[in-house]
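Trainee: Residue numbers (my numbering), protein chains in the order written: chain A, 38 to 321; chain B, 5 to 145; chain C, 144 to 227; chain D, 11 to 353.
Simulated from the structure, these hints should not be mistaken for laboratory data. Treat the hints with care, since some could be wrong.
In silico EDC-like pairs for lysine to aspartate or glutamate, Cα to Cα no more than 16 Å straight-line [claimed, not checked]:
# : chain 1 : residue 1 : chain 2 : residue 2
1 : D       : K98       : D       : E141
2 : D       : K16       : D       : D27
3 : A       : K295      : C       : D156
4 : B       : K126      : B       : D76
5 : A       : K73       : D       : D67
6 : D       : K118      : D       : E253
In this text, all values refer to a predicted model and were calculated from it rather than measured experimentally.
The lines below spell out each chain.
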Amino acid sequence: MRHAFSVRIGPVGFRIGSDWRAPVAQLETLYADYPKPEIPDFTVRLFAARPWRRFVRPSVTIEGDFVLPDAAPLPLAQGLLAAEMGMNLQMALGQRRFLLLHASAVERDGRALLMAGVSGAGKSTLAALLSARGWRLMGDEFALVDPATGLVHAFPRLVSLKNTAIGVVEAALPNARYGPLMAGTPKGDIRHLVPDAAAVAAMNEPVPPALILFPSYGFEAESRAVPESEVFVRLTQASTNYVAIGERGFDALTRLVKTVPARAIDYPDTESAIAQVEALWAAL
Amino acid sequence: MSDETPEPAEKAPSEETLGTGATRRRALMLGAAGAAAVVSIRPALAQTNASLLTCEIPVPDPGRAGKYVAADGSVVAPGTSGAFAPAGRPFKGFEVKQALGGGQLPGTTYEQNQAYVNYIRKLQHGTSGFTCFASLQMPRG
Amino acid sequence: MARAESLRIVHLDAFTAIYHRASGITHLLASPAPEILATLGEAGLSRADLAAKLAAQYDMADFDAAALAERLDELVVSGLVATA
Amino acid sequence: MGGVVKGGRLLARALRDPASVTTLDATGWTALLQIARAEQLIGTLAARVQGLKMPPDAARILTDAAASIAQQRIAALWEAEVARRVLKPLGVPVILLKGTAFLAAGLKAGVGRSVGDLDLLVPRERIGDVEAALLAAGWEWVKPDPYDDAYYRRWMHELPPLIHRERDRMIDVHHTILPLTARITPDAQALIADSLPFSPEPGALRTLSPSDMLIHAAAHLFADGDLAGGMRNLWDVHCLIEEFGVAGLTQRAQHHGLWREVARAARLAHELYDTPIPETWRIWDSGDPLYMRRLTARDGWGRRTRPLTRFGFYVRSHWLRMPPAMLARHLWTKWRNQGAVGD
Chain A
38 MRHAFSVRIG PVGFRIGSDW RAPVAQLETL YADYPKPEIP DFTVRLFAAR PWRRFVRPSV
98 TIEGDFVLPD AAPLPLAQGL LAAEMGMNLQ MALGQRRFLL LHASAVERDG RALLMAGVSG
158 AGKSTLAALL SARGWRLMGD EFALVDPATG LVHAFPRLVS LKNTAIGVVE AALPNARYGP
218 LMAGTPKGDI RHLVPDAAAV AAMNEPVPPA LILFPSYGFE AESRAVPESE VFVRLTQAST
278 NYVAIGERGF DALTRLVKTV PARAIDYPDT ESAIAQVEAL WAAL
Chain B
5 MSDETPEPAE KAPSEETLGT GATRRRALML GAAGAAAVVS IRPALAQTNA SLLTCEIPVP
65 DPGRAGKYVA ADGSVVAPGT SGAFAPAGRP FKGFEVKQAL GGGQLPGTTY EQNQAYVNYI
125 RKLQHGTSGF TCFASLQMPR G
Chain C
144 MARAESLRIV HLDAFTAIYH RASGITHLLA SPAPEILATL GEAGLSRADL AAKLAAQYDM
204 ADFDAAALAE RLDELVVSGL VATA
Chain D
11 MGGVVKGGRL LARALRDPAS VTTLDATGWT ALLQIARAEQ LIGTLAARVQ GLKMPPDAAR
71 ILTDAAASIA QQRIAALWEA EVARRVLKPL GVPVILLKGT AFLAAGLKAG VGRSVGDLDL
131 LVPRERIGDV EAALLAAGWE WVKPDPYDDA YYRRWMHELP PLIHRERDRM IDVHHTILPL
191 TARITPDAQA LIADSLPFSP EPGALRTLSP SDMLIHAAAH LFADGDLAGG MRNLWDVHCL
251 IEEFGVAGLT QRAQHHGLWR EVARAARLAH ELYDTPIPET WRIWDSGDPL YMRRLTARDG
311 WGRRTRPLTR FGFYVRSHWL RMPPAMLARH LWTKWRNQGA VGD
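Please work from the sequences and hints to get the whole structure.
Mentor: Structure representation (structure tokens):
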């Protein structure tokens with residue numbers, strides 16, 4: 038393809054081909070400190086569905102090794118988002134080595150905290166804010182559990198901040214690097230935070246999980262233990278490949294559920310959430 | 005077709021068996037008709053059944069918050085004798101599924117459980133928790 | 144005649160998680176399904192023998208043949224029990 | 011070296027001569043894996059090159075692919091087993107077709123092969139019973155569109171596709187191996203009469219005879235599609251010929267009216283994969299180079315190349331299946347239902 042970029046994020050290599058220079062230039066800047074894969078695991082293609090769409094109201098169609106039908110094209114100004122969506126899609130649909138959990142992950146003292154939850158529960162925001170408080174950011178979107186070892190591998194892609202979370206994180210991490218503000222995307226306003234040097238430096242170091250949290254935003258602060266069967270079901274639904282990896286997935290997930298405590302926390306604001314997380318972690 | 009793999013001796017610490025020895029003469033309830041005891045995990049990209057396990061049924065519904073639940077499941081004034089105070093938290097679909105199958109809702113006494121289950125059985129369309137309850141009744145999907 | 148299939152089994156509080164090797168499908172079972180599966184065993188039993196064996200092993204307050212048939216059918220539909 | 015052989019030819023060489031991959035550099039491996047994935051042959055490739063010296067990244071990607079295929083195999087065989095359990099009471103011969111049959115029979119063509127839908131062949135006069143039994147056991151129609159439904163029932167060689175509401179798996183129930191609109195009508199009764207059971211048990215699933223399997227693979231490649239996925243189809247043909255030889259194949263193919271297709275498939279497989287076929291079968295006709303170009307049209311990014319060849323094949327695939335007036339009606343209805351789809 039005309040323009041190409043490759044990057045390794047944690048244990049996964051990507052190659053992105055693009056009809057346009059702009060998305061590739063942005064990726065080069067934001068992922069400047071990341072290594073390159075020798076042979077990428079996944080390929081993403083950003084292209085113009087019709088040749089003239091390269092120039093006239095340019096719109097970016099996303100394809101790759103694994104695709105969802107009917108993915109709508111994005112305007113070129115959101116090309117970076119298209120690339121990130123394309124990479125996420127390859128992980129969600131194509132990852133087979135690790136049990137993939139739709140969860141953010143941070144590490145402290147050699148152990149991982151996983152935060153699983155539906156979109157809007159604040160996974161990315163909490164992970165970014167915890168990284169501002171000395172936790173190592175392992176990833177804001179996917180946690181990778183190795184069925185062979187039970188360890189969690191980091192996947193520190195660019196942190197995707199949406200809407201009000203953008204201002205909250207910018208205030209907490211004023212010196213961090215950010216991508217361009219993309220307003221009016223299908224998911225609202227989006228701005229990407231570049232994981233800090235510590236997150237990238239340690240991204241090859243897997244750690245054992247120590248706590249699973251299911252945060253929900255918008256309620257009075259509360260916390261309750263979640264029974265094993267509920268954790269199990271919730272995580273099968275938070276995993277895009279649980280069924281596809283078969284018995285290895287069953288082993289990895291039952292082991293996780295049997296050995297790692299899980300709690301659901303309600304929080305009215307991020308400050309209170311951080312306090313709850315720190316308290317639960319201290320009580321482990 | 006040959007599809008049987010004999011069960012090997014497993015070394016995983018979480019591995020357990022369905023062993024019946026330890027459960028001799030334990031009570032076993034076959035449960036009410038229509039209360040399924042098997043849920044199959046589906047791919048997350050097409051979730052239906054599994055979400056039933058985590059949907060919620062408040063007892064009673066928020067429209068009648070604070071009222072008591074009588075033994076037959078009807079909602080009565082707070083303090084009515086023989087009736088039970090509202091549940092401390094909504095019940096999850098899987099808890100209700102289990103209770104309908106002869107189990108007990110968490111944190112309830114025997115009579116309290118009966119009253120709550122009767123309340124849930126009487127849920128009407130438009131009442132909070134109805135969709136969750138109705139889904140639980142559907143035979144597998 | 145019905146028999147249970149080859150399974151991986153993990154108990155999770157009130158539920159039993161079962162990985163069915165032949166299908167690759169995970170099932171979450173509530174009582175009495177795990178007990179029925181265990182009683183059937185991979186060798187299998189007739190419906191009448193199953194009822195008798197369950198009654199011998201458990202205190203079955205609400206036993207009736209139709210309810211047992213329904214529980215068993217559910218296991219057949221899930222593929223966890225094969226009928227001959 | 012790796013730079014000369016490109017596109018589908020690169021993949022064909024790796025399958026034909028696995029040791030050739032040891033000469034690939036990272037760029038060559040990237041292209042090979044990409045093309046293999048696009049052609050749905052990555053599991054086959056993984057099985058072929060297993061144990062050879064290769065970069066660690068490539069080994070890891072192929073290990074993942076092999077695990078993924080192993081899981082697909084379980085799901086595919088289970089789907090067949092469920093169909094067997096559901097259809098057994100009908101007493102109808104149920105014949106597995108294509109990938110699932112290769113897996114169930116343990117054929118070379120099944121090694122590493124990806125299998126999606128379950129394809130069954132049943133006698134035409136019993137297809138209504140089969141449909142009813144499947145609907146009662148949790149399968150549902152995929153497409154609610156009545157035109158599509160009527161079209162399938164009237165003209166195709168199968169029921170409209172069904173999907174199982176619990177397992178999200180598709181099933182295609184056929185009563186012959188080509189659409190009724192196609193100008194060739196294979197002998198469906200002979201397909202069933204000569205099929206073989208997988209086990210001596212009553213109600214066991216069945217497979218086509220080796221010759222019919224091969225003829226079906228060839229028919230599927232040329233008459234039933236636009237050559238998309240053709241490299242995998244030809245790999246099936248290659249493996250079947252390697253495993254069963256070609257004795258009696260000519261007569262059988264002629265009986266079904268499909269000798270032209272079988273002969274071309276054999277020639278193309280020989281060209282791509284060195285399939286052992288008689289010398290007298292190897293003479294190319296004027297169409298073969300076009301087919302070969304089309305089959306191998308992939309670039310190192312996994313994209314289809316040579317769009318003009320592609321369009322010709324798209325029209326051709328419909329032309330083959332339908333008389334012209336019907337084709338016009340079909341395309342008109344499709345177009346009308348499509349509505350505004352933007353640019």
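Trainee: Hint by hint, where does the structure go against what was stated? Just the numbers, ascending.
Mentor: Of the numbered hints, all hold.
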